[in-house]
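Chemist: Sequence lines, in order, name chains F and W.
Quick note on numbering: the numbering used here labels position 312 of the first sequence as 312, and the sequence is numbered without any gaps.
Quick note on numbering: the numbering used here labels position 274 of the second sequence as 274, and the sequence is numbered without any gaps.
Hint data in this document are derived by calculation from the structure and do not stem from the laboratory.
What follows is a list of derived Cβ distance ranges for each label pair:
| id | chain 1 | residue 1 | chain 2 | residue 2 | range |
| --- | --- | --- | --- | --- | --- |
| 1 | F | 194 | W | 200 | 37 to 47 Å |
| 2 | F | 388 | W | 231 | 56 to 66 Å |
| 3 | F | 194 | W | 43 | 25 to 35 Å |
| 4 | F | 399 | W | 185 | 36 to 46 Å |
On a predicted model such as this, the values are computed, not experimentally measured, just so you know.
Even for Gly, the Cβ is constructed at its ideal location relative to N, Cα and C.
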Amino acid sequence: MLKQVEGSRAVAETIALCRPEVVCAYPITPQTHIVEAVGEMVREGTLAPCEFINVESEFSALSVAIGASAGGARAYTATASQGLLFMAEAVFNAAGMGLPIVMTVANRAIGAPINIWNDQSDSMALRDSGWLQLYATSNQEAVDLHIIAFRLAEAVSLPVMVCMDGFVLTHAYERVDIPEQAEVDAYLPGFEPRQLLDPAEPVTMGAMVGPEAFTEVRYLAHVRQMQALELLPTLAREFEARFGRDSGCLIQRYRSEDADTIVVALGSVVGTLQEVIDTLRDAGHAVGVLAIRAFRPFPLAEVHDALVDSKRVIVLERAFAVGQGGIVADSVRKALQGLPAPIHTVVAGLGGRPITQASLRGMIERGMRDELPSVTFLDLQTDVVERALERERTSRRSGPVAEGVLKDLGVKAMQYV
Amino acid sequence: MSHQDIKFYQTGTFTVGNRLLDPEQRSVQSTLERTNALNSGHRACPGCGEALGARYAMDAAMAATDGQIVVANATGCLEVFSTPYPETAWQVPWVHSLFGNAAAVGAGLAAAMRVKGKSDVRVIAQGGDGSTADIGFGPLSGMFERNDDVLFICYDNQGYMNTGVQRSSATPPAARTATTPAVGPHPGHQRGMGKFVPEIAMAHHIPYVATATVADLRDIEAKVTAAMSLRGARYIHILVPCPLGWGSASHDTVRLARMARESGLFPVFEARDGEVTDSLKIRHQVPVEAFLKPQKRFAHLFGKQRDEEAIAYLQARADRNIRKYHLLEA
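Just chain W, same shape as in the assembly (with noise of 0.2 Å):
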């Protein structure tokens, strides 16, 4: 990852940074050749995180591989913001067929592909946390165990978003979900570890996993395109905040991404058949409880008597995560 040779301060505003790199690294937000592979006009909600991760998850696959891309989605946000017929905001070779079967289907197509002659057309598949983690577990490991030729992308926003949030096995301790509501002793999510898909798919031993976040496009646009440069079965999870969802401001869907990732909630790394090669270093280590404060479904820890066991709780997984992960510089 060369672009992490370069550092810099980050100010508030969240987009000096890019213009501090040299123009090659510089993520891209418009120029002629930017395919736009997800359009302007489609129907996500202000301050979407899954359509900012994918829009340039799909256009650095789109870069990386001359546009010969096919896309599978999952049943979910992504795929209902983006296409009610006659409408379509994907300028890519795109089909939805189920909610729990995007990788099954994409293994469909790479097989298509193959069989057609025609490998050089690289297929995506991708969906939310439901599909990846819940519905479409099993077909998804199935894929990776296979070694298929397919880029899962999954755009996780903890949580059933596009049904009125629910509960996901991706959705953090605490968290209020409608599924999991702020009442009774222990307030919002269950304990426990949830399920942490990336150290899964690592275990399939597949050629590449990594993960990410909307606060560093980069980052995405660089992963997605060292997955593109091989070939079997490859992960990339994001994470994408869901203002919905989480009950956070939309202007604040980049800031709490990046909180996620500053407090070692959300590790960022690179893995290589099924070991970790690289981590995205916390440069300012922040206390969870900067980013859970800002989210209204976390307010109930908040309160007129703070839930200091869940906050510590909830620090003590970003702590493991730091030491498990060497997210911090030495």
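Excised from the complex, chain F in its bound form (with noise of 0.2 Å):
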């Protein structure tokens, strides 16, 4: 059904579509509003049988979901951030596991300086968790993401993280298409776990594994993961033929088969992006973009494919590995190996800071000038940046990095009244 509706909300009913039997709550900032509502769905009625537990921290949050998913339970839950971080050690472990928990990551920055606002730090933190991560470039992908996560998971029994850009996508109001229950039943099946504690049966689940098989453990675990990649564009191709949209596929290409310039990127920045090439393409550019839907299992041949005719390749990142640089742009380097175009990383959009149309253009614009150095923080204050600098050079006691650069800022903000 359309509805125009906020991405939390749309993300709610559509959990509650999934039938989940176990939801583990705690709040974090931008997430909560996905599981609110389907707290509000259990309460009322309309979402059952379901336990709806509200634990005391994301630790707890996804180890009641470990417990309810060896238990036999299809679980949910849902976090951002600091949250990710704290459940990081329980992430490795459902993972580890084999227990196909699905969960969204409402994408925020990580702390310090602690930081509500959007990017894709948290769950590129958690990138070699063992889960599989499948990233939204809008409401209806969210939507529609979830539904295949949760076929998904259960299908190779691996945890899905899907992730969704906070704030830009979690608390937009956008045109939905929200599927019926009968068309969600008739796709994704009950929850038949491969392994189960029960009484009748009883086994011994997460018991210790020495150097003599702990190899071949890992090893099948990428084994999944590689099952996975297969699997994911056939439940991709069957839930379009059932939907009539396409949401799953690992990746998804724009205006890109004769692009000489390729942007690539996660999340919601696909959108601005489009527009961007279609502006582009208006002024005769021969530019596309390629969105990676699917970051763990990461499809190396599908990208080697979209980008191996063209000239050069602008990787567009919401999160970057500190002291290394780009971190999709090692994977997409990867997937390139042995091709001449040379690969930029572009970090944009941390913490919240808005990618407009106008930087993403004179971006692209330098990148099909060949003027893009190969790590580019986009629209960075460098007067800001080499003025802290200058403060750590000439004092010890340069004092919080943090407060050093707003004092800067509120002095240069200052000046202009």
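Can you join these two chains into the complex? Each is in its own frame, and there are hints to help.
Modeler: Take a look at the structure:
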């Protein structure tokens, strides 16, 4: 049913359609609206049977989900930012045990400095936890990916993170088509666990494994991710046949088939990029976009095929590896190994900084003129950075970096008054 | 606690008492009906109090639920000695997730059983004092506060024994551990009350809190049975001497557990809805010294120069427990 609805609400209603049996909730901005809405549906009885558990931390949120899943229940939770890091130990544990939990990550920056706004440092920090990671470019995709996520998770017995940009998507009111219960039921069968804690057939789960088999067990986790890589396009085709939308493919190409310059991105910025690309196309430039929907497993072959004919690749990232550079760019580089096209990293939108069409257009035009360095921070205020470095050079007790930067900006702002 | 009405003199063998009970009240060592939920063949040290306590607690829970239990176990000795794949000593469905989340995993299991219409399947979460009082304390308190239908059993050996005997917040004052060495002006663990989780559990006003020691196996069984007759969050804290960590003889495990109770250092009681309802009385009070002396972790108190101050401090602690929990019969 078509609705003009907040992203979080749309996701919550979709989660309910997926019939989770245990939902664990702990508040953290910008995720909270999702579990609030799910909780309300459980209280009203519109989502039943379902146990809604208000836990005392994210660590317990995922731990309760682990217990629920081991007990044979379809389990869901949602988190963001510090919350995802606080549950990090359990994140790895759920994947290691092969428990098909689905979790929404409402992408948000990681402190310090504490920041509640959007970037993707949180899910990127846990990209190697063994979870499958899907990134939504719109609220419609967020809705669709959650349905696919439960199906995928339970098919390969691995947990799935559905990542959606905090605020930009979670708090945006958009037109979203929320499927009917019967349609979802037909696509998503009930949960049949591969392993179950059941007194009728006692098993031991999560016990120690030594060097004699640890490599094999970990390798099999990799194999399962590779199986997901093959399965996801099939599930996406089935989804498209039933719901009429292409939402679950590993990648999504936009005007990139004959493009010399292709911008690679994950998440909501893809929408902005498409508009910029349209403008540049109108001006006669051969540019396109490649959205990566599945970051784990990483679709090396599909990314290779999508980029192989381009002259240059710009990877736009909402997170970065401090001391190294681009995270996504590294994987793209691997996909394009041996090919001559230069691969640029552009770090943008950290801590909620808006990524504007003007900035993107300027950046892409620099790229087309081959003026982009290998790593760029979009809209970086270099003068502010220079002055901060100068303070550190001239004073041992230069104080908290963040405070210095803000004071500096304040002084600058005053000068304009 | 009807078993309390039967009084008998414990002789040095510690076994004669059981034979003086009515047959139906005796704790059962070996019978066809016994489930052996924690089976033989595991790798616990000789004289391990935790293995003994867990075996009796599990079998009592199995008997009380007609075998319908699932178990979430924290990381620690009990997890390690009972399982490395492909072997397992557990004859019950059992899961180990992490060091600090057993209570939360148990809560998840309880939710799964409810939603799946299997409310007859009961959940036990368990771990040592580290996973209870320290690293898993937040999730434990959360489970209590929500009154999740989980029995949490803490096997308290007063330190991190699995990692090589470091102090926990349940380590008693003056005890030597790897991180509270017996050197300096105040050798051993710092003074202070530490963290006595049963009292904190009571502050959550959960339906049932009890303490026990492996010196009274029948008492463990009775308390686990009582706990399984109730719904909601329940907590049993069992003192389990550790020959390795305490520096005691493996044949002294039960004797030390008994002296911990009979000195007053470890109060054994039951509490319902946040109030103490019963305590196991001390019949023959022993000075704390009798409990401390056989343990190498307290050897520095009895060197060339006795540490009278530390011994008096521990005696005062025991005396306070005796007053607080009315451990001496009138």
